[in-house]
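Engineer: Read off the chains here:
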Amino acid sequence: MNEAIRIRGGRIIDPYRGVDRNDEDVWIADGRFQTAEECAGRSLRTWDAQGLWVVPRLVDMHVHLREPGQSHKETIATGSQAAANGGIAVIAAMPNTTPVVDTPELVEWVKLRAKTVDLVRVWPIGAVSVRSESEELADLYRMQQTGAVAFSDDGKPVVSGGLMRAALTYSATLTGPIISHAQDPTLSAGAVVHEGQNAGRLGLSGMPEAAESVMVWRDVILAGLTGGRLHVAHVTAPESLEALSYARARAIRVSAEAAPHHLLLTDDALQEWGYDPVTKVNPPLRPDASRTALIEAIRSGLVEVVASDHAPHHADEKARPYSDAPFGISGLETLLSGVITAIINPGLLSPLDGLALLTRGPHHALNIPYRGIEVGEVADVTLIDPKRRWEVDPNKFYSLGHNTPLAGHALVGQAVATIVGGRVVMEDGEVLHAGLSNLS
Amino acid sequence: MIRHLLGLEGMPRHELEGLLEKAARLRRDVLEQPLKKSTLLRGRAFVNLFFEASTRTKTSFELAGKYLGADVVNFQGKGSSVEKGETLYDTAQNIAAMGTDLLVVRHGTSGVPIELQRHLDIPVVNAGDGFHEHPTQGLLDMRTVLDARGRLDNLHLLIVGDILHSRVARSDLWGFLAMGAWVTLVGPPSMLPEGFQTDRVRLTSDLDAVIGEADVVQVLRIQKERKAMAGMPSEEEYRLRWGITPERARWLSPDALILHPGPQNRGVEIDSSVMVDPRTCIAQQVTNGVAVRMAVLARLMGGHHDE
Chain A
877 MNEAIRIRGG
887 RIIDPYRGVD
897 RNDEDVWIAD
907 GRFQTAEECA
917 GRSLRTWDAQ
927 GLWVVPRLVD
937 MHVHLREPGQ
947 SHKETIATGS
957 QAAANGGIAV
967 IAAMPNTTPV
977 VDTPELVEWV
987 KLRAKTVDLV
997 RVWPIGAVSV
1007 RSESEELADL
1017 YRMQQTGAVA
1027 FSDDGKPVVS
1037 GGLMRAALTY
1047 SATLTGPIIS
1057 HAQDPTLSAG
1067 AVVHEGQNAG
1077 RLGLSGMPEA
1087 AESVMVWRDV
1097 ILAGLTGGRL
1107 HVAHVTAPES
1117 LEALSYARAR
1127 AIRVSAEAAP
1137 HHLLLTDDAL
1147 QEWGYDPVTK
1157 VNPPLRPDAS
1167 RTALIEAIRS
1177 GLVEVVASDH
1187 APHHADEKAR
1197 PYSDAPFGIS
1207 GLETLLSGVI
1217 TAIINPGLLS
1227 PLDGLALLTR
1237 GPHHALNIPY
1247 RGIEVGEVAD
1257 VTLIDPKRRW
1267 EVDPNKFYSL
1277 GHNTPLAGHA
1287 LVGQAVATIV
1297 GGRVVMEDGE
1307 VLHAGLSNLS
Chain B
140 MIRHLLGLEG
150 MPRHELEGLL
160 EKAARLRRDV
170 LEQPLKKSTL
180 LRGRAFVNLF
190 FEASTRTKTS
200 FELAGKYLGA
210 DVVNFQGKGS
220 SVEKGETLYD
230 TAQNIAAMGT
240 DLLVVRHGTS
250 GVPIELQRHL
260 DIPVVNAGDG
270 FHEHPTQGLL
280 DMRTVLDARG
290 RLDNLHLLIV
300 GDILHSRVAR
310 SDLWGFLAMG
320 AWVTLVGPPS
330 MLPEGFQTDR
340 VRLTSDLDAV
350 IGEADVVQVL
360 RIQKERKAMA
370 GMPSEEEYRL
380 RWGITPERAR
390 WLSPDALILH
400 PGPQNRGVEI
410 DSSVMVDPRT
420 CIAQQVTNGV
430 AVRMAVLARL
440 MGGHHDE
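Taken in order, these protein sequences are the chains called A and B.
Residue 1241 in this note's numbering is what sits at position 365 of the first sequence, and the numbering runs on without skipping anything.
Residue 354 in this note's numbering is what sits at position 215 of the second sequence, and the numbering runs on without skipping anything.
Read the hints as simulated data drawn from the structure, not as lab findings.
In this text the structure is predicted, and so the values were computed from the model without any measurement.
Cβ atoms here follow ideal geometry from the backbone N, Cα and C, with glycine treated the same way.
Incorrect hints may have been included.
Claimed, not checked - To list a few chain B residues with every Cβ distance to chain A over 10 Å, as calculated: (1) Glu148; (2) Gln232; (3) Ile253; (4) Glu254; (5) Gly269; (6) Arg339.
Unchecked claim - Partial pick of chain A residues on the chain B-facing surface, computed with a CB cut under 10 Å: (7) Ala1075; (8) Gly1076; (9) Gly1082; (10) Ala1086; (11) Trp1093; (12) Gly1150; (13) Tyr1198.
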């Protein structure tokens, strides 16, 4: 019989069940949570989790794994390792790869590749439109049949309101949401940073928050019109949050996520980093008033997901002049710590509600059931040292993307072990080899 | 002690004054001499690394170097190794490795000279980056106004045009402010950037309301290609509201100065008759361009020759 794991003495924080208690042991065998009786007679690894948080299945629902086609930036193998290192058991993979994941065959390829890598769970997201060109609706249902959990042209907006309407209408017959990268390209043309004082001084082209919020409003109204299920990616603008309130007041099915860099940093990071494109991200880092409003929207429950928008890039690409360098921040390995540092540690939300942003929130947004630490449920669980202070050093990342403006910043809280399907894939920062690591 | 000239923002007043004085001295001792060949920079070599079209600035740097005895090589972004895929930084490092003493860099993207300088051991002079800064333009404008008015303190500078996309506006702003002037930025409302307003800087779209108070008017070149993007009206309408027409020139005080960084769109931002107005200093600006560039090159490459 297989080995069993017993985690004892930890603080069980299970947002799926709404439980935060110290008097439970967690028993795992055959990939699932078990009763103590079920584990009797097996060789047992007992884990002393004194002082640690024990949290079921952390999800990052916005990740760019770059495979197929851009494996110099990241691979499913290295991205999975990065997730494991960050304490994340499930990552949802955006389809803006080369080619774009817009067919059931490609969805299946991602699933199979992830299975070979065999570290964390990879949930593919399919494209909304063929080649994400915003012209023709992709086969959403067939992609769902092969495992797509949501649909998005992320990286680009769905420019056509007509196509967004069609996608949302269609999504009412599907499980997963349409994920909107909300951006009016005519309001952001040529822009590389937030339009404001820092942009003006540095002479960098800025985009206004309206480039995002007019599209969020459009999509919220279309979700109301169609009854479709909308998820707004990486929301930043206060006016976008107003649109979410509008949706909530009318029971329109809309969820939204925020990214940790928008919670931890403002566009003053441009003063720290100058013309180093490490700060270049889309949507851009915003002023403090917007950051504060976003944090308040999380505190009030209006935004119920935090996701990394993990966007790894090769160092050579990020060494180009600011205007030419690609957008994006490598975020998988700072997601959990970012939430603890920005939300939980300052006391804005309890650990239970704060960790819901990475657990119950994304499951709700993706409309996927999971019961948490319950006997019989799949055993995905992360052990977290909530007190550990550490300095972000991208050279220690498992991700191939070292591009983060959090480099050198101190964060609080860190995953010390990641268990996926009952298997320990990360322990004390050491991640198991990926099944495909030789290939990638 | 400055090592590079990347921008005028944050440059201390005494450094600016030093460069402006040196420019006047070199103008008198070299530029205005019949025999212009100085030996100040003999044996020094620098490269004009221009990734964007330029006639005036490149020629000005080249002559400034040659008048001081330096060797100058011009490098055009077009048709170069950059088009073969070499990165900008590799190109610059390779040029530096050839024993050159300084790089003059012009690039269409803001910040490139600043990033380049992090990769190089030799001084870098920004000859214009995106719409960030064009520091030698700022210096030559200050030199020109100093020559005519004898001071910059408490003068009122009006900068008129597409401020948002102007590196000239930014360098003039920082330079004149540091020297004690105050500045009004005037332009179409969609071309006025955020982040500049202070008790010595104001922004307005109403040129007629402020032109009478100006000691100096810097007339920016209108870049016609910006039209569609930034909400630029027709040239006709631009001229009507923000052009320096003969009527507006009449409202200017008699001892005011009119500057233009060139090249001019006659009949759009400035009328031909204003170009020949005695208050217009365009020729002096061009001459001072060579003078301040001599000063900058001497300052950064002069070594033990430097006084």
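Engineer: Does Gly1076 (chain A) hold up as a contact with chain B if the rule is Cβ-Cβ below 10 Å?
Structural biologist: 4 Å, holds
Engineer: Checking the smallest CB distance to chain A, is Glu148 (chain B) really beyond 10 Å?
Structural biologist: 7 Å, violated
Engineer: Taking C-beta pairs only, is Glu254 (chain B) more than 10 Å away from all of chain A?
Structural biologist: 5 Å, violated
Engineer: Please verify that the nearest CB of chain A lies beyond 10 Å from Gly269 (chain B)'s CB.
Structural biologist: 5 Å, violated
Engineer: Given a cut of 10 Å on the nearest C-beta pair, is the interface hint for Tyr1198 (chain A) held or broken against chain B?
Structural biologist: 5 Å, holds
Engineer: Close enough to count: is the Cβ of Ala1086 (chain A) nearer than 10 Å to one in chain B?
Structural biologist: 13 Å, violated
Engineer: Mind checking the CB of Gly1150 (chain A) against every CB in chain B and telling me if the closest is under 10 Å?
Structural biologist: 6 Å, holds
Engineer: Using Cβ atoms and 10 Å as the threshold, tell me whether Arg339 (chain B) really stays out of contact range of chain A.
Structural biologist: For Arg339 (chain B), whose nearest Cβ neighbour in chain A is about 16 Å away, the distance exceeds 10 Å, so it holds.
Engineer: Against chain B, is Trp1093 (chain A) within 10 Å by beta-carbon distance?
Structural biologist: 22 Å, violated
Engineer: Can Gly1082 (chain A) be said to touch chain B, with a Cβ gap under 10 Å?
Structural biologist: 8 Å, holds
Engineer: Are all beta-carbon distances from Gln232 (chain B) to chain A longer than 10 Å?
Structural biologist: 12 Å, holds
Engineer: Mind checking the CB of Ala1075 (chain A) against every CB in chain B and telling me if the closest is under 10 Å?
Structural biologist: Where the cut-off is 10 Å and the nearest Cβ of chain B is about 8 Å from Ala1075 (chain A), the hint holds.
Hint compliance for this structure: hints 1, 3, 4, 5, 10, 11 are broken, all remaining hints hold.
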